[in-house]
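There are 4 protein chains.
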Amino acid sequence: MKDTYIRERSAIQANNPILIEGLPGLGLVGKIAIRYLVKRLKAQKFAYLYSPHFPYFVLVNKKGKVRLLRGAFYYVKGSEGQNDVILFTGDSQSQTIVGQYDIAEKLLTFAKKHNVQAIVTIGGYRMETQGKPKVVVAGTSQAVIDCALKAGAMVSSAGSPIVGTAGLILGLAPFRKINALCLLGETRGYLPDPLSARSVIEVIKSMFDLDVDLSGIDEEVGKAEKMVVRLQKIEQNRATQSEETRKEEDKKTTYIS
Amino acid sequence: MKDTYIRERSAIQANNPILIEGLPGLGLVGKIAIRYLVKRLKAQKFAYLYSPHFPYFVLVNKKGKVRLLRGAFYYVKGSEGQNDVILFTGDSQSQTIVGQYDIAEKLLTFAKKHNVQAIVTIGGYRMETQGKPKVVVAGTSQAVIDCALKAGAMVSSAGSPIVGTAGLILGLAPFRKINALCLLGETRGYLPDPLSARSVIEVIKSMFDLDVDLSGIDEEVGKAEKMVVRLQKIEQNRATQSEETRKEEDKKTTYIS
Amino acid sequence: MKDTYIRERSAIQANNPILIEGLPGLGLVGKIAIRYLVKRLKAQKFAYLYSPHFPYFVLVNKKGKVRLLRGAFYYVKGSEGQNDVILFTGDSQSQTIVGQYDIAEKLLTFAKKHNVQAIVTIGGYRMETQGKPKVVVAGTSQAVIDCALKAGAMVSSAGSPIVGTAGLILGLAPFRKINALCLLGETRGYLPDPLSARSVIEVIKSMFDLDVDLSGIDEEVGKAEKMVVRLQKIEQNRATQSEETRKEEDKKTTYIS
Amino acid sequence: MKDTYIRERSAIQANNPILIEGLPGLGLVGKIAIRYLVKRLKAQKFAYLYSPHFPYFVLVNKKGKVRLLRGAFYYVKGSEGQNDVILFTGDSQSQTIVGQYDIAEKLLTFAKKHNVQAIVTIGGYRMETQGKPKVVVAGTSQAVIDCALKAGAMVSSAGSPIVGTAGLILGLAPFRKINALCLLGETRGYLPDPLSARSVIEVIKSMFDLDVDLSGIDEEVGKAEKMVVRLQKIEQNRATQSEETRKEEDKKTTYIS
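Residue numbers (the numbering used here), protein chains in the order written: chain A, 289 to 545; chain B, 289 to 545; chain C, 289 to 545; chain D, 289 to 545.
Derived from the structure by calculation, the hints contain no laboratory data.
Please read these numbers as outputs of a predicted model, since none were measured by experiment.
Mixed in with the good hints, there may be bad ones.
If several chains are the same, the list does not tell them apart, and a pair holds so long as it fits within one copy or across any two.
[Said to hold, decoys possible] List time: in silico PhoX-like cross-link candidates among lysine-lysine, alpha-carbon distance up to 20 Å: (1) K394 with K290; (2) K353 with K422; (3) K511 with K401; (4) K327 with K438; (5) K438 with K350; (6) K333 with K401; (7) K290 with K438; (8) K365 with K493; (9) K394 with K465; (10) K422 with K350; (11) K493 with K327; (12) K290 with K400; (13) K327 with K400; (14) K290 with K353; (15) K438 with K493; (16) K365 with K422; (17) K465 with K327; (18) K394 with K365; (19) K351 with K438.
Go ahead and model the full structure; you've got the sequences and the hints to work with.
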């Protein structure tokens, strides 16, 4: 695997779909939003994205089953008058600069192949706010920005850059003549933030007239808090292990050589 | 986008042009100088340079419009007896070593294609000086150095290296048989330094007999100071966001996987 | 050498072999285990793996003989009713992310070529335990995990990621339709840990009905302790030298230029 | 320039030459030795090596003349009964791992093309010794090691690794069937060390029966001390500039975008 590539496990016949992307990032806003949409829309997984620019470890589930880091695409047929939807999320962002551009390009090629009409990318936007998180929009044209504004998003006066895949997709989309916009949910960013994801989904729901029940995401808030405790324990182990492995490798190279 | 590439939006018929380059660097001397020249010479944007070696984020303007990091080329027809001029500046330097060489090469190929007669690169030169900033010259031949000396530049006895695109263009230009020189404006380098850019433009003006009114750059000094305040706020946000995104990615990878 | 490649020094006719891999990592568990198996099974070295993603130094033995960092493959014919075995260990892990994926891929291509039936990778698993180190299993299918469980391994409830070649082989193996499992010996990880390697070998011995006498590994514990002292001295020298070389390069570049 | 490449400025007809290499490293032992040999043997420069893996800056001399970082090859015809000699030194080591392997490979391809019979690489070996620096040898075969031992070198019992081009050439030479050895002069490594270089040249002189007057190198010791003062000043400037450039780039990216 010298390059990022996408493997389609089952063929889909998408009808002018929209693609909604959310990889891990600030407050995990994008990933939480996509996962919630997958669940509520009962979207079907149909393709994976693999990349040698992801971190060099694999994940193990509780039963000991291993899998590579990856991105996953899900498909849901729209009801009468709605767009079909392709959802994309994954385990990680690219770890290299060149890989970031590569992954964004591969996603756009994939979108073009499936005749995607518009792309929505989701991220977090760091803000120390109280109350309901706002949603900031950025886009490839005034028209798509206006659509999001009507749906409740706002424009940020500060003009912050957008880091990672969510940003690069927008930067590269005009070369493929695809409209794209990014919705950034306000978040403090320290912890997984389902509340911020909720705000983003509300905008998407309104923009594309999606039939998504949002009550379930409140449970997620509760779950998130429990997972944080478990998470911290796991991650501490992993970080320690990874760090020590690196130290060992560095130090022990000549040992028993 | 696996490689740096240049996209020409409109065709130009340049007549033995000179190319003046100034990317962000110490004191932003090069970028400020090019921007000022673009404005005063009413130069027309005609091409962009994109690269997967630029940082992996996109810029958002106040209206929410997104664009990729890039370099931009501007063209201005010389009046009778003057050279045509191509100006180049951009958002960032390459973030990788190999990308630095790649971008310099692509600029030279572009220069060759447009029959560029000489290249001037602009940068900053760190010096704790008072008064009017001096301009240090370095070049690919004694002849081009002499031209700059006559126009008020000086040679640095210290023989400092020149870092980044401004330097590599000079290093690589002889292989393409293009004359090139670098003008480095003295600057403390902590803040955008229009005064240093002014000194550099004076040398260029004199060398190429350009019709540039320099009074406007004094306003820039005032503006620069105001922008610094705004800048610090924006950048603080971005840096924090970028840093936290990275932390999140690092920590949360196994969460909800 | 632009890519990782494997050079076979002598041809083998392996009969449905299993491949057991153990590169340096936490507690050197994998490397110690493979070396012990090579010795006890009298396995014959038959191929090397080289990579430009290994660290950029060479090893020198006591007589002054130099060699490149590398991985080595060993072959042993199974007795009646047992599998043939190919063993793999080496000096180092890849130093780049892309190299990590590249090396894992090359190992799988090699395994496919030799008709390998199953791959076992070995690593360390950080745990502050007393007594006999346990062995944690992860695998590409429930069937292979079950085999290891029957042989005394356990599943980790925490679901830790597996870093490096031992992990990526498992992540990539399904694409080649090869069964693979990883055995992680518990270790504190600070020092070479033959006790943990012993636990891993016990599981492998039982799984594949290998005829391996384990008494010898107890000597290794003693040896390891002595080597640690020597090691620390060598490594301190190397680290200092490497660090200072880098400093010199950085500082002295313009000197006598 | 996507790859390291060698440009020959004039054709040579070398008769079974030996190649002696010394890039910047610990105590600058290799570089000082090669430069001294070039001078004393009146060797003629005939080729350059360029690489996008060198640092991304250019050097400027006192007159303002710029040049790319590079390696340089020098040729000297041997007198009756002596080998022809090709000498190689340069401004820098590769800054990337992959580049280190690439440069070593390119040097070996070049050696093969010119029918080089043996390669000697030179480096420094960190040791807090008093008195005349010793020379440690490492090599691709016992025969070449023995030659160096007869000429006054010794074998290091510690078996230290050899970092960088001097080491990788030895690691890769056997694949090209070229004999190679490395001579490491003892040095504290903090400062350019002509005394250590002298010890290395003595061994080379004896091994290849070269007619080199060594008295001149004592002057170098004096010069080195003076240069160190100048050097520290230049380098401090460069390091500060480079560091600040990087900071500026990082911080100012969105400014005037």
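Hint check results:
For the identical chains of this complex, K394 and K290 are neighbours both inside a copy (13 Å) and across copies (11 Å), given an alpha-carbon limit of 20 Å. For the identical chains of this complex, K353 and K422 are inter-copy neighbours only, at 18 Å across copies versus 39 Å inside a copy, given an alpha-carbon limit of 20 Å. Neither within a single protomer nor between protomers do K511 and K401 lie at most 20 Å apart by alpha-carbon distance, with minima of 37 Å and 47 Å respectively. Proximity of K327 to K438 under the C-alpha cut-off of 20 Å is found in neither arrangement, the shortest distances being 26 Å within a copy and 36 Å between copies.
For a Cα distance limit of 20 Å, the shortest separation of K438 from K350 across copies, 17 Å, qualifies, whereas the shortest one inside one copy, 44 Å, does not. Taking the shortest alpha-carbon separations for K333 and K401, only the intra-copy value of 17 Å comes in at or below 20 Å, while the best inter-copy value is 32 Å. Taking the shortest alpha-carbon separations for K290 and K438, neither the intra-copy value of 43 Å nor the inter-copy value of 37 Å comes in at or below 20 Å. Taking identical chains as interchangeable, the C-alpha atoms of K365 and K493 lie at most 20 Å apart only when both belong to the same chain, with a minimum of 15 Å there against 52 Å between chains.
Within a single copy, K394 and K465 get their C-alpha atoms as close as 15 Å, which meets the 20 Å cut-off; across copies the closest is 25 Å, which misses it. When the C-alpha separation of K422 and K350 is checked against a cutoff of 20 Å, the pair qualifies only between copies, where the shortest distance is 17 Å, while the shortest distance within a copy is 37 Å. Only within a single protomer do K493 and K327 lie at most 20 Å apart by alpha-carbon distance; the minimum there is 15 Å, versus 44 Å between protomers. Proximity of K290 and K400 under a CA criterion of 20 Å is satisfied inter-copy only: 18 Å between copies versus 22 Å inside one chain copy.
Proximity of K327 and K400 under a CA criterion of 20 Å is satisfied in neither setting, with 25 Å inside one chain copy and 38 Å between copies. Within a single copy, K290 and K353 get their C-alpha atoms no closer than 25 Å, and across copies no closer than 34 Å, so neither meets the 20 Å cut-off. For the identical chains of this complex, K438 and K493 are intra-copy neighbours only, at 12 Å inside a copy versus 50 Å across copies, given an alpha-carbon limit of 20 Å. For the identical chains of this complex, K365 and K422 are neighbours neither inside a copy (29 Å) nor across copies (49 Å), given an alpha-carbon limit of 20 Å.
Taking the closest pair of Cα atoms, K465 and K327 never come within 20 Å of each other, the shortest separation being 30 Å inside a single copy and 30 Å across copies. Taking the shortest alpha-carbon separations for K394 and K365, neither the intra-copy value of 23 Å nor the inter-copy value of 40 Å comes in at or below 20 Å. Taking the closest pair of Cα atoms, K351 and K438 come within 20 Å of each other only across two copies (14 Å); inside a single copy the shortest separation is 47 Å, beyond that limit.
Figure legend: structure checked against the earlier numbered hints; hints not met, in rising order: 3, 4, 7, 13, 14, 16, 17 and 18.
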